Amino acid sequence: MAQLPSYKDRNFIAIIGDEDSVTGLLLAGIGHVNGPKKNFLVVDNKTPISKIENTFVEFTSRKDIAIVLINQHVADDIRQLVDDHDQAFPTVLEIPSKDHPYER
Amino acid sequence: MEEICIKLDKVLLEYMDLISIYQENWQKISKDLECGYLQLAHSKYTMGPGRLSKDQFDGRMQAVTRSLISEVEEEILKEHNYQFTLINGYLENDDIIPDESESNQINNNSSTLRRRNIKESETEPNVTTKTEQPSKKQIVRDPIHWFGLLVPSTLRESQKHFKQSLVNMVGLLNIRNEILMKEVQFKKLKNQKEMIMQELIKSKESINEEKKTQENAL
Numbered sequence: 001m002a003q004l005p006s007y008k009d010r011n012f013i014a015i016i017g018d019e020d021s022v023t024g025l026l027l028a029g030i031g032h033v034n035g036p037k038k039n040f041l042v043v044d045n046k047t048p049i050s051k052i053e054n055t056f057v058e059f060t061s062r063k064d065i066a067i068v069l070i071n072q073h074v075a076d077d078i079r080q081l082v083d084d085h086d087q088a089f090p091t092v093l094e095i096p097s098k099d100h101p102y103e104r
Numbered sequence: 105m106e107e108i109c110i111k112l113d114k115v116l117l118e119y120m121d122l123i124s125i126y127q128e129n130w131q132k133i134s135k136d137l138e139c140g141y142l143q144l145a146h147s148k149y150t151m152g153p154g155r156l157s158k159d160q161f162d163g164r165m166q167a168v169t170r171s172l173i174s175e176v177e178e179e180i181l182k183e184h185n186y187q188f189t190l191i192n193g194y195l196e197n198d199d200i201i202p203d204e205s206e207s208n209q210i211n212n213n214s215s216t217l218r219r220r221n222i223k224e225s226e227t228e229p230n231v232t233t234k235t236e237q238p239s240k241k242q243i244v245r246d247p248i249h250w251f252g253l254l255v256p257s258t259l260r261e262s263q264k265h266f267k268q269s270l271v272n273m274v275g276l277l278n279i280r281n282e283i284l285m286k287e288v289q290f291k292k293l294k295n296q297k298e299m300i301m302q303e304l305i306k307s308k309e310s311i312n313e314e315k316k317t318q319e320n321a322l
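Protein sequence lines correspond, in order, to chains A and B. Every letter in the first sequence is one number past the one before it in this note's numbering, and letter 4, counting from 1, is 4. Every letter in the second sequence is one number past the one before it in this note's numbering, and letter 50, counting from 1, is 154.
Quick caveat, the hints were computed from the structure, so don't treat them as lab data. Note that the structure is predicted; figures quoted are calculated from it, not measured. Any given hint might turn out to be false.
[Unchecked claim] Some chain A residues near chain B, calculated using beta-carbon distances under 10 Å:
{"id": "1", "residue": "I30"}
{"id": "2", "residue": "G31"}
{"id": "3", "residue": "N39"}
{"id": "4", "residue": "V42"}
{"id": "5", "residue": "P48"}
{"id": "6", "residue": "S50"}
{"id": "7", "residue": "E53"}
{"id": "8", "residue": "N54"}
{"id": "9", "residue": "A66"}
{"id": "10", "residue": "P96"}
{"id": "11", "residue": "S97"}
Backbone N, C-alpha and C define an ideal beta-carbon position, used for all residues, glycine too.
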């Protein structure tokens, strides 16, 4: 059987954001838990930046994630990492949050 | 030369159109998310504190909305572009999760065995129905039920808005890919045009030089 290209295995949509964004998008049905592996991270005031960085690196290196959604204000905290990500998959998309509406 | 210029204009116009569609899409996403957040806040108020938080998330959740990536071939440049599509439900190669309804059925079958005054012929159909059922059976669980069976209508409204915003987000990513593709096309066509221009200049220079040599010879 012919081997499928690597992007065919990428089906999940991951999210890093505040509680409302994560709750809303999990309500839309993107949440997936496989043992210790989750495809979401709830960020609040107490979340250390190192944890956000590690999660972002984990999501961008996983082979089953197609899209990484991240709140704009969270992306600003790890701007260097987000800007350095230049691979086609997973695609990173910054989304607005409740307290930080979309900035053009 | 004219052909390339026409192509360049066409690509540039398409590029501008895509950017305006991209911005429209962004506004739609912002609006949907805004409505979603508002309805979510209303639900939090209705349901009371702590009823709609990350603590209520199902620890065994399975994704019911996923994205598929497909390859699309660009007509002009014969290059590959990727397109995202959203799908609902599980995929064929998903792990089998023991389902509550299935386990209930097994319990029912075992309870029939406990009945004493029962004929064998009566029990047989039950066994056959059990074997006929597909081994892989997954029910799409609505994540809204993590927060209770009777949830406020505002939470359902919020879910709708978030679903719509997710559809728009995937559309936005596809538009972004197309914009990047157009940029590549534009650069290639511009390079081609510059090459042709340089060739034209060179040929003009050579003609001028020939003319000068002929004049000098005369």
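Here is how each hint holds up against the structure:
Proximity of I30 (chain A) to chain B holds as hinted, the smallest CB-CB distance being about 5 Å (cut-off 10 Å). Because the closest C-beta pair between G31 (chain A) and chain B is about 4 Å apart, less than 10 Å, the hint holds. Proximity of N39 (chain A) to chain B holds as hinted, the smallest CB-CB distance being about 7 Å (cut-off 10 Å). Because the beta carbon of V42 (chain A) sits about 5 Å from the nearest beta carbon in chain B, less than 10 Å, this interface hint is met.
Nearest Cβ of chain B to the Cβ of P48 (chain A): about 17 Å, over the 10 Å cut. The hint is violated. This hint is violated: S50 (chain A) has a C-beta 20 Å from the nearest C-beta of chain B, more than the 10 Å allowed. For the restraint placing E53 (chain A) at the interface with chain B, the shortest Cβ-Cβ distance is roughly 20 Å, beyond the 10 Å limit, so the hint is violated. Because the smallest distance between the Cβ of N54 (chain A) and any Cβ of chain B comes to about 18 Å, over 10 Å, the interface hint for this residue is violated.
Because the smallest distance between the Cβ of A66 (chain A) and any Cβ of chain B comes to about 5 Å, under 10 Å, the interface hint for this residue holds. Using the Cβ-Cβ criterion of 10 Å, the hint placing P96 (chain A) at the interface with chain B is satisfied: the shortest such distance is roughly 6 Å. Below 10 Å, beta-carbon pairs count as interface contacts, and S97 (chain A) has one with chain B at about 8 Å; its hint therefore holds.
Hint violations for this structure: numbers 5, 6, 7, 8, all remaining hints satisfied.
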